[in-house]
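Visitor: The residues making up each chain are set out below.
There are 2 protein chains.
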Amino acid sequence: MADQITKRSENYSQWYSDLVMKADLAEQSQVRGCMVIKPYGYAIWEKMQRILDDMFKQTGVQNAYFPLFIPKSFFSREAEHVAGFAKECAVVTHHRLMNDPDGKGVVVDPSAKLEEELIVRPTSETIIWSTYKNWITSWRDLPILCNQWANVVRWEMRTRLFLRTAEFLWQEGHTAHATAEEAMQEARTMVDVYAKFARETMALPVIEGHKSPNERFAGALDTLTIEAMMQDGKALQAGTSHFLGQNFAKSFDVQYTDKEGKSQYVWATSWGVSTRLMGALVMAHGDDNGLVLPPALAPIQVVMVPIYRKPEEMEAILSKMEEIKKGLEAQGHSVKIDNRDTLRPGFKFAEWELKGVPVRLAIGPRDLENGTVEVHRRDTLTKETMSLEGIGEHIAHLLDDIQKNIYQKAFDFRQSNVEKCDSWDEFKEKITQGKFLLCHWDGTAETEQKIKDETKATIRCIPIDSFVCEEEGKDIYSGKPSKQRVVFAIAY
Amino acid sequence: MADQITKRSENYSQWYSDLVMKADLAEQSQVRGCMVIKPYGYAIWEKMQRILDDMFKQTGVQNAYFPLFIPKSFFSREAEHVAGFAKECAVVTHHRLMNDPDGKGVVVDPSAKLEEELIVRPTSETIIWSTYKNWITSWRDLPILCNQWANVVRWEMRTRLFLRTAEFLWQEGHTAHATAEEAMQEARTMVDVYAKFARETMALPVIEGHKSPNERFAGALDTLTIEAMMQDGKALQAGTSHFLGQNFAKSFDVQYTDKEGKSQYVWATSWGVSTRLMGALVMAHGDDNGLVLPPALAPIQVVMVPIYRKPEEMEAILSKMEEIKKGLEAQGHSVKIDNRDTLRPGFKFAEWELKGVPVRLAIGPRDLENGTVEVHRRDTLTKETMSLEGIGEHIAHLLDDIQKNIYQKAFDFRQSNVEKCDSWDEFKEKITQGKFLLCHWDGTAETEQKIKDETKATIRCIPIDSFVCEEEGKDIYSGKPSKQRVVFAIAY
Numbered sequence: 410m411a412d413q414i415t416k417r418s419e420n421y422s423q424w425y426s427d428l429v430m431k432a433d434l435a436e437q438s439q440v441r442g443c444m445v446i447k448p449y450g451y452a453i454w455e456k457m458q459r460i461l462d463d464m465f466k467q468t469g470v471q472n473a474y475f476p477l478f479i480p481k482s483f484f485s486r487e488a489e490h491v492a493g494f495a496k497e498c499a500v501v502t503h504h505r506l507m508n509d510p511d512g513k514g515v516v517v518d519p520s521a522k523l524e525e526e527l528i529v530r531p532t533s534e535t536i537i538w539s540t541y542k543n544w545i546t547s548w549r550d551l552p553i554l555c556n557q558w559a560n561v562v563r564w565e566m567r568t569r570l571f572l573r574t575a576e577f578l579w580q581e582g583h584t585a586h587a588t589a590e591e592a593m594q595e596a597r598t599m600v601d602v603y604a605k606f607a608r609e610t611m612a613l614p615v616i617e618g619h620k621s622p623n624e625r626f627a628g629a630l631d632t633l634t635i636e637a638m639m640q641d642g643k644a645l646q647a648g649t650s651h652f653l654g655q656n657f658a659k660s661f662d663v664q665y666t667d668k669e670g671k672s673q674y675v676w677a678t679s680w681g682v683s684t685r686l687m688g689a690l691v692m693a694h695g696d697d698n699g700l701v702l703p704p705a706l707a708p709i710q711v712v713m714v715p716i717y718r719k720p721e722e723m724e725a726i727l728s729k730m731e732e733i734k735k736g737l738e739a740q741g742h743s744v745k746i747d748n749r750d751t752l753r754p755g756f757k758f759a760e761w762e763l764k765g766v767p768v769r770l771a772i773g774p775r776d777l778e779n780g781t782v783e784v785h786r787r788d789t790l791t792k793e794t795m796s797l798e799g800i801g802e803h804i805a806h807l808l809d810d811i812q813k814n815i816y817q818k819a820f821d822f823r824q825s826n827v828e829k830c831d832s833w834d835e836f837k838e839k840i841t842q843g844k845f846l847l848c849h850w851d852g853t854a855e856t857e858q859k860i861k862d863e864t865k866a867t868i869r870c871i872p873i874d875s876f877v878c879e880e881e882g883k884d885i886y887s888g889k890p891s892k893q894r895v896v897f898a899i900a901y
Numbered sequence: 410m411a412d413q414i415t416k417r418s419e420n421y422s423q424w425y426s427d428l429v430m431k432a433d434l435a436e437q438s439q440v441r442g443c444m445v446i447k448p449y450g451y452a453i454w455e456k457m458q459r460i461l462d463d464m465f466k467q468t469g470v471q472n473a474y475f476p477l478f479i480p481k482s483f484f485s486r487e488a489e490h491v492a493g494f495a496k497e498c499a500v501v502t503h504h505r506l507m508n509d510p511d512g513k514g515v516v517v518d519p520s521a522k523l524e525e526e527l528i529v530r531p532t533s534e535t536i537i538w539s540t541y542k543n544w545i546t547s548w549r550d551l552p553i554l555c556n557q558w559a560n561v562v563r564w565e566m567r568t569r570l571f572l573r574t575a576e577f578l579w580q581e582g583h584t585a586h587a588t589a590e591e592a593m594q595e596a597r598t599m600v601d602v603y604a605k606f607a608r609e610t611m612a613l614p615v616i617e618g619h620k621s622p623n624e625r626f627a628g629a630l631d632t633l634t635i636e637a638m639m640q641d642g643k644a645l646q647a648g649t650s651h652f653l654g655q656n657f658a659k660s661f662d663v664q665y666t667d668k669e670g671k672s673q674y675v676w677a678t679s680w681g682v683s684t685r686l687m688g689a690l691v692m693a694h695g696d697d698n699g700l701v702l703p704p705a706l707a708p709i710q711v712v713m714v715p716i717y718r719k720p721e722e723m724e725a726i727l728s729k730m731e732e733i734k735k736g737l738e739a740q741g742h743s744v745k746i747d748n749r750d751t752l753r754p755g756f757k758f759a760e761w762e763l764k765g766v767p768v769r770l771a772i773g774p775r776d777l778e779n780g781t782v783e784v785h786r787r788d789t790l791t792k793e794t795m796s797l798e799g800i801g802e803h804i805a806h807l808l809d810d811i812q813k814n815i816y817q818k819a820f821d822f823r824q825s826n827v828e829k830c831d832s833w834d835e836f837k838e839k840i841t842q843g844k845f846l847l848c849h850w851d852g853t854a855e856t857e858q859k860i861k862d863e864t865k866a867t868i869r870c871i872p873i874d875s876f877v878c879e880e881e882g883k884d885i886y887s888g889k890p891s892k893q894r895v896v897f898a899i900a901y
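Chains as they are written, first to last, in the numbering used here: chain R, 410 to 901; chain D, 410 to 901.
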């Protein structure tokens with residue numbers, strides 16, 4: 410099973426692709442750049458959705474749904490947004506097919522050309538703000554806190570499953586506020602939600618921070634981000650939250666009457682995470698045997714494999730397993746008994762390791778006699794024989810411990826690959842070795858661009874919660890004065 | 410509030426549109442035929458999704474996700490399916506916009522024309538069966554039971570919120586089986602799930618049955634349906650489940666090796682319900698005051714309105730309400746305290762009636778003294794004063810009772826509007842009065858078409874669980890022999 414997967418040390422990128430496909434998470438479809446998310450992969454995404462959705466709602470956010478299509482003219486409204494998004498996208502020009510007059514299947518009906526082309530949404534600020542215009546009159550209508558779970562399309566030339574696909578699934582929150590302060594607070598609240606989710610649910614240590622102006626979302630005054638380190642030392646942007654100022658309100662003329670009766674433009678945020686998180690999950694924790702899933706997101710938390718030679722042994726073992734399963738399910742764990750009788754245990758072990766199931770229980774005839782069970786944990790690949798008494802409590806502890814251990818491992822890995830760096834020669838060398846470098850930066854887009862051109866490294870963020878970076882110094886490239894260090898890395 | 414809504418007796422169709430908009434369920438977007446589902450409407454849809462999804466999973470179904478786009482050529486594969494679906498649809502022909510050389514916003518980049526046009530999915534049989542081809546080799550790979558929650562697009566000329574929109578949300582299940590019997594059983598299982606959901610959750614009495622060949626899904630050998638009666642006596646098809654035979658397996662060459670080592674084509678089903686259910690919910694239960702929501706789907710089950718003159722009264726009442734709210738929430742009910750201090754109670758009452766909240770509690774200073782509360786139920790518009798003692802238990806019973814009563818009312822209405830009919834003259838008269846007519850039919854498409862041409866009535870279904878229809882007789886139109894009655898009605 411695992412021998413079908415390229416080793417990380419051989420080719421990390423190929424390892425990733427192998428893993429996504431062999432573990433049945435996703436595959437390329439026959440439509441260029443679009444993926445099929447397979448049931449096992451989708452089950453993980455559903456868990457992410459459910460947990461995030463609850464967290465959003467706890468902050469007062471409600472879900473809604475806005476159209477898939479955006480009239481082309483909407484993209485001309487917000488100048489910077491156009492530049493960023495109106496380029497590579499799917500354009501609907503016709504609304505009918507007809508039988509080919511030459512009898513070769515179907516062709517586009519030329520008489521069904523749309524008056525105005527429709528763009529399949531790459532993101533929904535424009536259509537949502539054109540809607541909010543009708544929802545907002547007075548200060549009493551604010552704030553509006555809407556989120557939608559949706560598919561979006563950005564025409565990408567080079568695609569990779571989950572990390573970069575033409576169509577992907579995501580949530581996009583769009584909020585409207587009376588004041589700049591409130592909107593900035595909302596943007597911060599939501600990136601905090603993302604960071605908490607990444608850390609606690611995905612076991613992913615992330616650095617929270619501001620993007621440099623160059624790396625902001627098209628149309629944003631500030632972009633907050635969470636950045637994670639993958640096992641090759643590259644950075645992956647895992648979620649962003651934008652303070653959009655009044656740009657969209659002005660473009661779509663969305664004003665409210667304040668308590669003093671004066672007209673004011675509305676302040677905006679937007680924030681999103683996508684199926685890209687699936688890629689982060691795989692790359693951050695997987696090993697050469699396959700996926701390593703944090704229990705909080707594992708569709709199956711405990712798998713049980715019976716070991717037997719004779720049919721009557723099997724029966725007795727399966728019956729014991731059903732009993733254990735009931736107990737674990739009553740505690741809220743998801744459990745599977747692998748009772749396929751055409752496969753050997755070793756094959757099953759390898760398959761569930763590949764799929765990243767956190768805990769595996771094996772029971773053989775001798776275990777049955779002794780009242781024991783073999784408990785294997787996926788994260789450390791270690792096993793021990795335990796008494797069946799108190800197994801429920803033990804599994805609960807074990808799952809907690811695995812969740813924490815996966816986080817700690819990723820955290821330690823990152824910590825050992827983050828360095829302060831004050832020498833440009835050192836920078837050039839270390840950045841290619843998969844390090845996050847904490848460097849002084851003079852705050853100019855020019856320097857940032859030059860560093861990117863020479864090394865491919867970008868400013869991932871100006872950290873706000875993970876490192877103490879505020880200190881005087883000199884820009885690593887230009888030598889000009891700098892007030893704080895920022896995180897440089899090569900990114901996905 | 411309710412005076413902004415047209416009365417049902419004046420104009421049922423306008424009443425529906427008024428209600429959908431005034432109750433904040435949905436509105437037309439600026440994109441032709443596409444709706445915006447507003448937070449209150451979406452909250453109901455989310456409840457539907459959650460409950461249906463659990464029911465699907467209990468039958469062994471897993472969720473997955475397939476591409477939004479389908480290559481045009483796929484539509485030429487299954488002949489009947491083409492005829493049914495490849496006509497009015499959104500066609501993507503280009504993948505890039507560029508700045509207008511004349512400086513007028515953005516235009517489609519003519520150099521970015523796609524080699525093959527992509528169709529925004531109107532339904533996903535073709536893309537899914539082209540995927541299943543790679544998933545299925547042996548009998549061991551079967552059955553496959555996948556569902557996806559997705560948006561689909563069918564270019565409709567005349568649209569109505571929820572009932573018929575260009576883009577809508579739905580779930581589509583697609584299953585693959587080794588035998589015809591198993592696939593037929595699956596199609597039946599799923600229509601049974603829909604019927605159970607409609608009856609128990611939506612409080613919607615539905616008639617389960619087979620479609621006549623004319624009314625089948627394009628490419629199906631059998632279509633099962635649930636049909637509901639709206640308050641104007643028209644029928645609304647609320648969900649369908651199709652036995653697709655081997656049509657798609659043959660079109661996409663999906664074969665499996667059976668236990669004897671022989672190649673066999675795979676058998677298929679598909680089944681779906683959509684945001685159309687929202688329309689059914691509104692039209693089946695609403696009244697001239699607004700929505701009437703079954704408690705099982707109400708985003709807010711209990712709303713509390715404080716009645717006071719002085720601030721200190723308000724404080725005491727709200728504090729008591731918080732206490733009641735906690736108790737009700739602990740029982741699993743969703744509760745809202747309407748503490749807006751700029752609106753009069755009467756206005757609030759009307760607003761929550763409009764929004765269909767099942768139970769309203771009002772507490773004034775005298776209630777506080779007496780330990781009582783005024784309990785108002787939305788379905789009957791009646792109220793009574795009750796002791797606060799045991800209020801939790803009372804509300805639980807009341808919600809149950811309301812759920813049952815809404816169903817019973819709709820059931821009684823339908824029963825009083827279903828008739829056996831054996832005279833063509835009578836048929837023509839009664840069918841326009843909003844009756845479901847149980848008539849003999851000779852089983853031919855010709856007769857069915859003639860009846861439709863003359864009266865607009867269609868065969869809604871050949872019932873399997875709601876009426877005893879098997880008896881010898883003569884076709885109501887042709888006079889030819891018939892073996893059973895079928896349901897005729899005018900449909901949405």
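One or more of the hints may lead you astray.
Note: identical chains are not told apart, hence a pair may lie in one copy or across any two.
Below, computed lysine-lysine pairings styled on PhoX-like, alpha-carbon distance capped at 20 Å [stated by the list, open to error]: (1) K513 to K729; (2) K861 to K839; (3) K456 to K466; (4) K522 to K859; (5) K496 to K643; (6) K837 to K859; (7) K829 to K883; (8) K496 to K818; (9) K837 to K813; (10) K466 to K735; (11) K513 to K859; (12) K839 to K671; (13) K643 to K861.
It should be emphasised that the hints constitute simulated quantities derived from the structure, not laboratory data. Please read these numbers as outputs of a predicted model, since none were measured by experiment.
Visitor: State for each hint whether it applies.
Guide: Going through the hints against the structure:
{"no.": "1", "hint": "K513 to K729", "in the structure": "neither (61 Å within a copy, 73 Å between copies)"}
{"no.": "2", "hint": "K861 to K839", "in the structure": "within (14 Å within a copy, 77 Å between copies)"}
{"no.": "3", "hint": "K456 to K466", "in the structure": "both (16 Å within a copy, 14 Å between copies)"}
{"no.": "4", "hint": "K522 to K859", "in the structure": "neither (46 Å within a copy, 35 Å between copies)"}
{"no.": "5", "hint": "K496 to K643", "in the structure": "neither (27 Å within a copy, 47 Å between copies)"}
{"no.": "6", "hint": "K837 to K859", "in the structure": "within (12 Å within a copy, 81 Å between copies)"}
{"no.": "7", "hint": "K829 to K883", "in the structure": "within (13 Å within a copy, 91 Å between copies)"}
{"no.": "8", "hint": "K496 to K818", "in the structure": "neither (40 Å within a copy, 55 Å between copies)"}
{"no.": "9", "hint": "K837 to K813", "in the structure": "neither (34 Å within a copy, 72 Å between copies)"}
{"no.": "10", "hint": "K466 to K735", "in the structure": "between (32 Å within a copy, 18 Å between copies)"}
{"no.": "11", "hint": "K513 to K859", "in the structure": "neither (54 Å within a copy, 33 Å between copies)"}
{"no.": "12", "hint": "K839 to K671", "in the structure": "neither (56 Å within a copy, 59 Å between copies)"}
{"no.": "13", "hint": "K643 to K861", "in the structure": "within (14 Å within a copy, 65 Å between copies)"}
Of the numbered hints stated above, those contradicted by the structure are hints 1, 4, 5, 8, 9, 11 and 12, listed in ascending order.
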